[in-house]
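The residues making up each chain are set out below.
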Amino acid sequence: MSEQLRARAETLRQEVRDFYATVMPAELRDKAHRHQVLSKEDYVGWMRLLDKQGWSVAHWPEALGGKGWSPLERFAFEDELARLGCPWVIPFGVKYVGPVIYAFGTDAQKQRFLPGIKTTEEFWAQGYSEPGAGSDLAGLRTMALKDGDHYVVNGQKVWTTYAQWADWLFCLVRTDRDDKPQTGISFLLIDMKSPGVTVKPIRTMDGFAHVNEVWLEDVKVPAENLIGEEGKGWTYAKFLLKNERTAGAIVGWAWHVLDRLKKHARETRVNGVALIDQPLMRNRIGEYELRFMALELAAYQAVTAMVDGTENGSEASLIKLRGTELYQEVMETLVEALGHAGVAFDTEALHSAGLPPLGPDDTGGILKDHFYNRAATIFGGSSEIQRNIVAKVVLGL
Amino acid sequence: MKTDLETIGMLRDSAARYADDNYSFHQRWAVLEQPEGYSRQAWSDFAEFGFLALRLPEDDGGLDADAVAIGAVMEIAGSRLLMEPLLASAIVGTGLLLKQGSAAQKAALLPALADGSLVLVLADEDEAGPCVIDGNRITGAKLGVLHGDIAGKFLVSAIDAASGAAVVALVDADAAGVSRHNYKLVDGRGATTLRLDAAVAERLQPESGQTAAVALAEIRDEATVALCAETLGIVKSLVHTTNEYLKVRKQFGKFIGSNQVLQHRMVDCLLLQEEVRALTAAAQQALAGPAEGRVRIVSGARAYIATAARKVANEAIQMHGGVGVTDEVDVSHYFRRLMVIAALFGNRDAHFARFVDASLAA
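In the order they appear, the protein sequences are chains A and B.
The numbering used here puts the first residue of the first sequence at 8, with every later residue one more than the last.
The numbering used here puts the first residue of the second sequence at 925, with every later residue one more than the last.
Extracted from the complex, chain B is given alone in its bound form (with noise of 0.2 Å):
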């Protein structure tokens, strides 16, 4: 599956307009006060324009959209600081299902997932020992599951309690013995601690025969390299904010831009900028290459990423003076966000590690 150029550059332009029109950081302000951490509307908005199908089968609607293409729309996520749950949902446990459901499996949950009428995220990481399954049966604790506040059902990544096999299991949000804890993350968006004491799951048995630790893996690095494509988007807009800033901006009786010191640290950003572009599009080419090239280029990518976002948005915290640490302007809200992007699928020094590792191997 290789999205062509057209349609990446119609879903661009279209998430980019709708934006515009509907996503301000002003029109955004309703958005943060709604409990639920997201908007309803954009939310069928964006199952009207197919942003939520993006990963669907062209037989069933959608548009097989590879990491390029995915990497258009969560560009635009980041750098309008958009509050659904597409990376979680759309991205992530659609294509999990895509990955690891069986045809039935598919065929009841996919046209839910396409109109928005199901939130659908993965719970992945453990808070102590794996979640374990024996029979229909699922016990454990997943941490920090974004959107999970919100989720009707989620995928749980465990072990089956005979086999020690991986198994990604659905589990209704409603089930008996599900309990979650749900919190507001420093961006405004919605999170949970979810508890499992013997829920009923339905284990996902793909026709494929594609083990779940294998499709685990992959969905976990599609994850990945989305938020680098989601972490481009805000450098890009936090390099262009504060540069205009710079131009406008008066002390001393001339443009704060007109120092040196400055204008070289500017300079220093769009080096960092551009060095985020070129690893963004490294990391999505591995996507599609073989495993083993696979881990370096897209934990290097994430964990370089990482620190070079966090250096931007010092920076231009710093470069804005007070404002910038005023919720009155978007770059606080760009920090807030880096933070909890930070936090998802793997910080940055597992990721460091995990590039080290594949670097230094013999």
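In isolation and in its complexed conformation, chain A is listed as follows (with noise of 0.2 Å):
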């Protein structure tokens, strides 16, 4: 890795911080900095915000609109971005459907919608999983048959984060009856306005409904919105995985949950004394320091594998792997450093930008997210299925 693409990183990396601090509209920075509840305006906002400053879609070619950013740089921002709080890059267009089309469509298919995804004029879900087909994708059941110059989907999605929102549903579905888990499998762009798509709100711990269950009953899908070839669609979501597995924001948030937790153990005074100046806690947080520590570094050797070209493939399982456990422990104990104000809730205030019952501002959105973020060892390929991954590529298990 070359000195001169590290200092591009280290450039960008005090872009994002500039932006932050005089780009980035208060309101938005001040609902971030509380990890408060964003509405879809907040995130077409947030969005569209990044595609000005020539950021949403950096890692695309530049014939594109991107800048062909390097994985360095792809890291370098992501991770910055989580170190500040900021909200995360809604990766479903960006990062996931606007690769796949760029690389497996048509002409036509690219000028119908890329421009839309760099500039989030439409907004995009993934429909991957299914109530049957979580870690074991391949397992999926959704039927698109061929009739006519259309497809009839039908089937249900399940874990379709924003679907709420969505304008277009990426979708995995089989066209084969008959063939092997992998090889009936297709790639589909579904329009959410179709008539027999029904988004239902799945509730999580926190409070609030960011996923959805998405039923499809004769949904009738043009043929022309078929990525690819009919049967291929396994090859292709192996493609998306593979960007969806950049685990450059994890290190970020771990970085910033750490923060926090350094701050509040300060503020808060327990007997008369602070915190972190606790043995237990001193003690604990020591140890997560240390432990971000090797994240930081594994992390950064991993990605000069990747800008080097001499990855494994395990190289993202790997810091997922680590990022999500610490960043998991060092909320627990960041919940447990706010006491009381660590079990008041109120997902009323989350939502209309009031305070906490308790404690200082940012204490529901710690909540929130702590309570989200349990599934962050499960979404996106659980830690199971990480460690599987890194036992058969590395290991030859």
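Keep in mind that a hint or two might mislead.
[Said to hold, decoys possible] Between beta-carbon pairs, the in silico distance windows are:
# : chain 1 : residue 1 : chain 2 : residue 2 : range
1 : A       : Arg276    : B       : Arg1104   : 36 to 42 Å
2 : B       : Leu1284   : A       : Arg273    : 26 to 32 Å
3 : A       : Lys245    : B       : Phe1179   : 21 to 27 Å
4 : B       : Val1191   : A       : Ala28     : 37 to 43 Å
5 : A       : Ala145    : B       : Glu1051   : 53 to 59 Å
[What the hints assert, rightly or not] Straight-line C-alpha distance at most 25 Å; calculated DSS-like pairs for lysine-lysine:
#  : chain 1 : residue 1 : chain 2 : residue 2
6  : A       : Lys153    : A       : Lys74
7  : A       : Lys125    : A       : Lys47
8  : A       : Lys38     : A       : Lys125
9  : B       : Lys1174   : A       : Lys399
10 : A       : Lys187    : A       : Lys249
11 : B       : Lys1108   : A       : Lys38
12 : B       : Lys1235   : A       : Lys269
13 : A       : Lys153    : A       : Lys227
14 : B       : Lys1178   : A       : Lys399
15 : B       : Lys1160   : B       : Lys1171
16 : A       : Lys125    : A       : Lys249
17 : B       : Lys1171   : B       : Lys1235
18 : A       : Lys153    : A       : Lys239
19 : A       : Lys187    : A       : Lys117
20 : A       : Lys38     : A       : Lys269
21 : A       : Lys249    : A       : Lys399
22 : A       : Lys153    : A       : Lys200
23 : A       : Lys245    : B       : Lys1178
24 : A       : Lys239    : A       : Lys227
25 : A       : Lys245    : A       : Lys187
26 : B       : Lys1178   : A       : Lys187
27 : A       : Lys245    : B       : Lys1174
28 : B       : Lys1235   : B       : Lys1160
29 : A       : Lys207    : B       : Lys1174
30 : A       : Lys187    : A       : Lys239
31 : A       : Lys187    : B       : Lys1174
32 : A       : Lys59     : A       : Lys125
[Claimed, not checked] A short, non-exhaustive set of chain A residues, derived as facing chain B with CB atoms under 8 Å:
#  : residue
33 : Gly141
34 : Trp166
35 : Ile209
36 : Thr211
37 : Met212
38 : Leu287
39 : Met288
40 : His347
FYI, nobody ran anything at the bench for these hints, they're computed from the structure.
Since the model is a prediction, treat every value here as computed from it, not as a measurement.
Cβ coordinates follow ideal geometry from the N, Cα and C atoms, glycine included.
Work from the hints to combine the two standalone chains into their complex.
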């Protein structure tokens, strides 16, 4: 990895910090600081702000409006945003389906969809998991049967993030009943306004409904919405999953919550002594610091391998494993450090930008994230699946 | 006082049967929607079953229940996620009144406690300095008072303005100078921050001569042990439900429970469950014993159990996958209940520190 690239990544980090301090609207920055629940308008505004900076699709090739970012720049960007506590870069359009469309789609599909993805003119959701197909994605059963110039789709998707806001759903479907699990799968773009699409919210532990069930009943989808070839959907899905596992943000999130833990532990006094000066807490925070150092260095090692083309396919899994474990443990300690405030919860306040019932102004948001991110070791390939991947690709087991 | 095994078995059975019939996970949804965060119907049913008179002397129509008997009920409170103030009022509030109340004070309050018309809770944790009682006026603030939002009266730990001695003061929730900041906890129950500004208070004055300091130390340990039993109920439920899930959830063409890695993790959860059971029983025994040995076992049990329960809950969610973080399954409700338990009557670190001090004392 060249010094030049390193320097570019450092410059990018500084640009992101400047953007946070001077470009990001104060209201959004405040919501982000407090880990508030964001509305669709907030997210669309956020994604468009990134687009204006030239960042929403900077990882795309330059010919398509991107900057052709290297893995290091991508990592630096996502890591820095997460450290600042910014809203996440909603990946379904810009990171997931966009690259699939430009890699495997027709010219007509590229012209139709890529501009709206770049500017978040159209909001995308991912129709992958099903009730019987979670970790075992190839077990999916949603059927799309060809009928003249369209497909008729029947099935049920689950854990569909932001389906309630989505204009489009990119969907893995089975186009051949008799094929082997992975060969009968196709990649289909479904207009959410189509008759027969029903979105049913799933309430998660944090009291919100970020995820949904999506029911597809006799949904007619034009055949031109098929990506690539029929039956090759699994190949495209694997290509997409590689993008899902870039893992940049998890290092930043871990840093961010550790930073919050240190802040609250300094500001909270128990029996007259700051929490951070109490031996048990101090020791625990020290352990987290050490583990974060190892995570950060391992992440750089992994990104370096990606830049140099020496990766073995396990890098993103290792970072996700370590990163999510550390993130969850730090969160537990942070909630504990908040004491009684850490068990008081008001979902309304999180929506209305009101204050939490007790504690510092970010308490409610921290709790929401604590609940939701118990799923960090489950979504995007569970920890068990990540370990399977590493066992297979590196250890040959 | 040692409750006989037959009575304990009867208590356990009647509580479990009641929960089976009236407090299933689905029936409980209606309770969660109550603005008060508990079911008045269940509360009056508990009164009828005698659960609210558990601690009362037999002469007053009670069971004079010991820690094991209380634990039998608390285990059900945990496994069924009961929302009513059993711990706060029937065990802690009533228990402290029994220790510290004068005959007249007890006579005035016990009937209302037993029939459920009065909720009496202990407000113990100071916001900053201790609450101070001067004559019959009390001033100060108390944090994290479980069910303080629905309490009719409070028992407030305080110090006497003149002597600095510990005092337990009875304060009416409606008295002038009393204000409450009510809020909901992550498990749906209510709590309050209690502020007292020269509020009228009545000191508890036991004929026994037991000091308030001793009584408060006892009741805190009793509450801690009751929380151990509640946690045991939760851990057993989590282990059971997760184990069942491993037997029915299929991925990659086989039950996920056939994966050795999950089998081993499930075994570790079972080991933790058995340790929680053993520690809870030991802590219950220790309550009946001398004060010196009590602290080490009670706080040691609580510290170990807090860590064990968190580990089991995290594993239960992980092994359930996505459904584990939804509101629709009991696993996530157990997880939230454990968070609240962890913040009551001393957190894990506080009990661990107390255990270490007791263990390493020369």
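Hints, one by one, checked against the model:
1. A:Arg276 - B:Arg1104: 36 to 42 Å: The hinted range 36 to 42 Å is violated for A:Arg276 and B:Arg1104, with Cβ atoms some 24 Å apart.
2. B:Leu1284 - A:Arg273: 26 to 32 Å: Holds - the Cβ-Cβ distance for B:Leu1284 and A:Arg273, about 29 Å, lies within 26 to 32 Å.
3. A:Lys245 - B:Phe1179: 21 to 27 Å: With Cβ atoms ~26 Å apart, the hint holds.
4. B:Val1191 - A:Ala28: 37 to 43 Å: violated, 51 Å
5. A:Ala145 - B:Glu1051: 53 to 59 Å: holds, 56 Å
6. A:Lys153 - A:Lys74: violated, 39 Å
7. A:Lys125 - A:Lys47: Holds. A:Lys125 to A:Lys47 sits at ~16 Å (cutoff 25 Å).
8. A:Lys38 - A:Lys125: Given that 25 Å is the threshold and the Cα spacing comes to 24 Å, the pair holds.
9. B:Lys1174 - A:Lys399: holds, 21 Å
10. A:Lys187 - A:Lys249: holds, 23 Å
11. B:Lys1108 - A:Lys38: holds, 22 Å
12. B:Lys1235 - A:Lys269: Holds, at about 23 Å.
13. A:Lys153 - A:Lys227: holds, 10 Å
14. B:Lys1178 - A:Lys399: Satisfied, since the Cα-Cα distance of roughly 19 Å is no more than 25 Å.
15. B:Lys1160 - B:Lys1171: holds, 17 Å
16. A:Lys125 - A:Lys249: holds, 20 Å
17. B:Lys1171 - B:Lys1235: Distance ~21 Å between B:Lys1171 and B:Lys1235 Cα, so the pair holds.
18. A:Lys153 - A:Lys239: Measuring from Cα to Cα gives roughly 15 Å; hence the hint holds.
19. A:Lys187 - A:Lys117: violated, 30 Å
20. A:Lys38 - A:Lys269: holds, 21 Å
21. A:Lys249 - A:Lys399: holds, 16 Å
22. A:Lys153 - A:Lys200: Holds, because 20 Å separates the two Cα atoms, which is no more than 25 Å.
23. A:Lys245 - B:Lys1178: holds, 23 Å
24. A:Lys239 - A:Lys227: holds, 21 Å
25. A:Lys245 - A:Lys187: Measuring from Cα to Cα gives roughly 17 Å; hence the hint holds.
26. B:Lys1178 - A:Lys187: holds, 16 Å
27. A:Lys245 - B:Lys1174: holds, 22 Å
28. B:Lys1235 - B:Lys1160: Holds, at about 13 Å.
29. A:Lys207 - B:Lys1174: It holds: about 24 Å lies between the C-alpha atoms, which stays within 25 Å.
30. A:Lys187 - A:Lys239: Between A:Lys187 and A:Lys239 the Cα gap is close to 12 Å, so the pair holds against 25 Å.
31. A:Lys187 - B:Lys1174: Holds: A:Lys187 and B:Lys1174 sit about 18 Å apart, inside 25 Å.
32. A:Lys59 - A:Lys125: holds, 10 Å
33. Gly141: holds, 5 Å
34. Trp166: holds, 5 Å
35. Ile209: At 6 Å from the nearest chain B Cβ, A:Ile209 passes the 8 Å test, so the hint holds.
36. Thr211: Check passed: Cβ of A:Thr211 comes within 5 Å of chain B, closer than 8 Å.
37. Met212: holds, 4 Å
38. Leu287: Cβ of A:Leu287 sits 5 Å from chain B, so the hint holds.
39. Met288: holds, 7 Å
40. His347: holds, 4 Å
Checked against the numbered hints above, the structure violates hints 1, 4, 6, 19; every other hint is satisfied.
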